[in-house]
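Construct all of the structure, not just a fragment, from the sequences and the given hints.
Numbering (this note's numbering), first residue to last: 528 to 654.
These are computed hints drawn from the structure, not numbers from a lab. Even for Gly, the Cβ is constructed at its ideal location relative to N, Cα and C. Do not rely on the hints blindly, as some may be mistaken.
Claimed, not checked - Computed cross-link-like contacts, EDC-like style, restricted to lysine to aspartate or glutamate with a CA-CA straight-line distance of at most 20 Å: (1) Lys548 <-> Glu558; (2) Lys548 <-> Glu566; (3) Lys548 <-> Glu530.
Said to hold, decoys possible - Label-pair restraints from in silico Cβ distances: (4) Asp567 <-> Ala603: 47 to 57 Å; (5) Pro557 <-> Gln631: 30 to 40 Å; (6) Ala636 <-> Glu547: 16 to 26 Å; (7) Met608 <-> Gly571: 43 to 53 Å; (8) Arg606 <-> Glu551: 30 to 40 Å; (9) Met615 <-> Asp567: 11 to 21 Å; (10) Glu543 <-> Asp567: 37 to 47 Å; (11) Arg639 <-> Pro569: 32 to 42 Å; (12) Leu553 <-> Val591: 42 to 52 Å; (13) Val536 <-> Thr625: 21 to 31 Å; (14) Gln640 <-> Glu589: 30 to 40 Å; (15) Trp646 <-> Glu551: 18 to 28 Å; (16) Arg538 <-> Val600: 43 to 53 Å; (17) Pro535 <-> Ala603: 44 to 54 Å.
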Amino acid sequence: MSEMPFHPVARILPPEEWAEKTPEFLPLPPEHAIVVVVEDGPGGRVLGRWGAMTTVNLHGLEIVEEARTSPAVAGALLREMVGTLLGMGILEVLTTATTPEVEQMIQTAHGRQIEGTLWVIPLKEGA
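Right, here's the structure in full:
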């Protein structure tokens, strides 16, 4: 079987075209996201798509061992972080759980697990 000839053209898809060409990206806030598509020729069928959005990644949560069982410490930490982020207009964040205690704290904050494995891709060699 011979390979179909494609005429790949890559471009940033304007938000006004997301509904028609990449409806799965409609939940992304256009002011904080881009969608790149590869079409079969200019304006052709979408052969590939990839979305990117700016996010806040919470990192480095730690509570000293003797305070880990204290709901007051975890609650105060969570309330202050959430209040600060909401004050900055941030409505959603990414984070990872490295211990069962952190996972419980995330669940208490109504966090939801996302599919896949989180990766870091350096965009510049040596980064």
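Against the structure, the hints come out as follows:
1. Lys548 <-> Glu558: 18 Å, holds
2. Lys548 <-> Glu566: Within the cut-off at roughly 10 Å; holds.
3. Lys548 <-> Glu530: 24 Å, violated
4. Asp567 <-> Ala603: 47 to 57 Å: With a Cβ separation near 55 Å, Asp567 and Ala603 satisfy 47 to 57 Å, so the hint holds.
5. Pro557 <-> Gln631: 30 to 40 Å: 35 Å, holds
6. Ala636 <-> Glu547: 16 to 26 Å: 36 Å, violated
7. Met608 <-> Gly571: 43 to 53 Å: 46 Å, holds
8. Arg606 <-> Glu551: 30 to 40 Å: 34 Å, holds
9. Met615 <-> Asp567: 11 to 21 Å: 41 Å, violated
10. Glu543 <-> Asp567: 37 to 47 Å: 21 Å, violated
11. Arg639 <-> Pro569: 32 to 42 Å: Once the Cβ atoms are compared, 38 Å apart, the range 32 to 42 Å for Pro569 and Arg639 holds.
12. Leu553 <-> Val591: 42 to 52 Å: Given range 42 to 52 Å: holds, Cβ gap about 43 Å.
13. Val536 <-> Thr625: 21 to 31 Å: Violated - the Cβ-Cβ distance for Val536 and Thr625, about 42 Å, lies outside 21 to 31 Å.
14. Gln640 <-> Glu589: 30 to 40 Å: Violated, at about 21 Å.
15. Trp646 <-> Glu551: 18 to 28 Å: Distance hint for Trp646, Glu551 holds at roughly 20 Å.
16. Arg538 <-> Val600: 43 to 53 Å: 50 Å, holds
17. Pro535 <-> Ala603: 44 to 54 Å: 53 Å, holds
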